[in-house]
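**Student:** Just so you know, the protein sequences line up as chains A and B, in that order.
Heads up: the first sequence at position 58 corresponds to 81 in this note's numbering, and the numbers run straight through without jumps.
Heads up: the second sequence at position 184 corresponds to 784 in this note's numbering, and the numbers run straight through without jumps.
If you're looking for bench data, these hints aren't it; they were derived computationally from the structure.
Treat the hints with care, since some could be wrong.
[Claimed, not checked] Stretches of chain A that chain B covers, calculated by requiring three or more beta carbons in the stretch to come under 8 Å of a beta carbon on chain B:
| # | segment |
| --- | --- |
| 1 | 151-163 |
| 2 | 170-180 |
| 3 | 220-230 |
Note that beta-carbon positions come from the ideal geometry of N, C-alpha and C, so glycine has one too.
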Amino acid sequence: MGAGHAHPLYVHEHSPVHRLAPEVKLAAAFAFVLAVAVTPREAIWAFAIDAATVGLVIRLARLPVRFVAARLAIILPFIAFAFLIPFVASGERIDVLGVSVSQVGLWGTWNIIAKATLGAGVSILLAGTTEVPQLLRGLERLRVPPTLTTIAAFMVRYLELLAAELGRMRTAMTARGYDPRWLWQVRPIAAGAGALFIRSYERGERVHAAMLSRGYSGAMPTIDERVASRREWLAAASAPLTAGIAAAVALAVVA
Amino acid sequence: MSHAAVQISGVRFTYPDGREALCGADLRVEHGQRVALLGPNGAGKTTLALQLNGIHRPDAGDVEIGGLPVTDPNLAEVRRRVGMVFQDADDQLFMPTVREDVAFGPANLGLRGDELASRVTKALEGVGAAELADRAPHHLSGGERRRVALATVLAMRPDVLVLDEPTSGLDPAGRRELIGVLQGLPITQLAITHDLPFALELCERAVIVDGGRVVADGATADLLADEELLHAHRLELPFGLDPRTVPPSRPR
Ligand SMILES: Nc1ncnc2c1ncn2[C@@H]1O[C@H](COP(=O)(O)OP(=O)(O)OP(=O)(O)O)[C@@H](O)[C@H]1O
Ligand SMILES: [Mg+2]
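Generate the whole structure from the sequences, applying the supplied hints.
**Tutor:** So this is what it looks like as structure tokens:
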């Protein structure tokens with residue numbers, strides 16, 4: 024759909040990947056991540072194939088490399104601890120640059136970094152080529168209960184409003200000389216959070232009234248009825264299939 | 601037709617917190633009439649409007665829309681007949697895109713496919729907002745939001761249009777365009793407003809609501825010319841406006 028509902032991770036482009044039906048992309052991303060997860064860590068060549076596949080799709084989607092790299096940095100804090108494993112893990116020790124580390128630990132680090140990077144790469148690819156409303160529609164078509172997707176849709180719709188309301192409240196507090204520095208000054212914030220909750224609750228009631236006024240009877244109407252073609256499914260399946268075969272071969276070799 | 605477009609008789613309504621917002625409101629609006637609902641803050645105007653499509657139910661009294669009583673079995677039909685544009689457009693626009701939002705109502709009425717798409721397009725064109733279809737409601741300006749909110753209701757082809765302060769937050773040109781759109785709609789209209797020149801221009805008839813009751817009812821120009829009446833209900837004409845020198849809105 025249009026450029027209106029772009030979230031910060033979305034890259035506006037017209038690529039074959041952008042055009043794919045959202046449910047297809049969701050399913051493919053999920054299957055791909057699954058295949059990566061079960062790949063044995065010793066099969067470095069399999070991860071290379073996975074990385075090449077993701078890289079190829081990123082090229083196809085015309086996502087700027089720098090954009091992807093910058094977004095990938097998000098996993099750094101999460102994998103930082105992975106670098107500690109070789110030092111603390113037990114087992115056979117080897118020397119790397121004169122430092123004694125655990126070999127099992129090294130494999131553990133590699134395992135986490137490789138899988139986290141690939142997983143994040145796929146997520147960035149999905150988010151970069153699919154707008155939020157589409158994602159939600161995709162989830163709906165994959166038979167996620169409509170109540171859940173409706174709640175998610177409303178969260179997306181009203182999150183900015185809520186943030187704006189919070190911002191206004193903070194401005195109003197600051198404008199009247201409130202400048203919290205100490206813990207005992209935190210009360211107004213707590214009271215403010217309460218007020219924010221009431222306001223959101225009351226907005227919820229008003230929105231519900233507006234929905235009822237337009238004939239809402241408990242179920243969201245399905246408006247966009249385009250379903251993914253078999254060609255789309257086949258095209259999207261190629262990526263997780265590659266990763267899946269690589270994983271299967273690797274598993275067979277290890278076993 | 602003997603029944604009125606809107607018939608409210610002796611309606612009383614108390615909010616759950618005990619605040620009595622309506623205490624015996626009566627109002628009859630004929631088909632095709634445009635009526636301004638005037639009155640001070642807290643008079644009960646919004647509360648009265650919410651009785652019209654059964655969002656709130658009267659504790660006593662009756663509400664009928666085109667002869668159809670507002671009761672549970674009639675609720676769906678009543679809500680098709682009455683289009684309600686809310687005071688805050690953010691309450692009205694809840695879907696991720698404008699197009700989906702406008703489609704929400706007609707889709708609930710059972711429209712699908714091309715029929716639905718053309719309904720949406722026509723409604724948006726009607727308010728001059730066709731180019732906003734793919735935008736997200738929360739990225740629109742206040743005036744654009746108002747127009748889209750109106751389109752969401754027009755897409756349901758209502759018999760009665762209820763507008764809660766439609767001109768608040770509009771720039772002069774936006775207000776002018778809104779008046780143009782509303783004047784071109786051949787349906788019954790009930791406009792709650794603090795904008796007296798707007799009432800004078802759009803509506804041939806006006807009622808004043810105060811203290812949960814309809815306290816005055818007449819031709820808009822006559823009501824607005826009665827300084828004492830206006831003053832008694834905290835209303836005031838903008839400086840320099842004389843309703844007697846403005847050509848009255850034509851009754852149809
Ligand atoms: N949800 C609510 N709960 C309790 N009391 C309410 C609620 N909404 C409105 N009221 C009260 O009911 C009375 C009528 O309110 P209403 O919103 O109908 O006024 P209004 O005429 O629309 O005013 P305004 O011009 O300010 O919009 C007011 O005294 C108000 O405080
Ligand atoms: Mg009001």
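**Student:** Please go over all the hints and tell whether each is borne out by the structure.
**Tutor:** Structure-based check of each hint:
{"no.": "1", "hint": "151-163", "result": "holds (count 3)"}
{"no.": "2", "hint": "170-180", "result": "holds (count 4)"}
{"no.": "3", "hint": "220-230", "result": "holds (count 3)"}
Hint violations for this structure: none, all hints satisfied.
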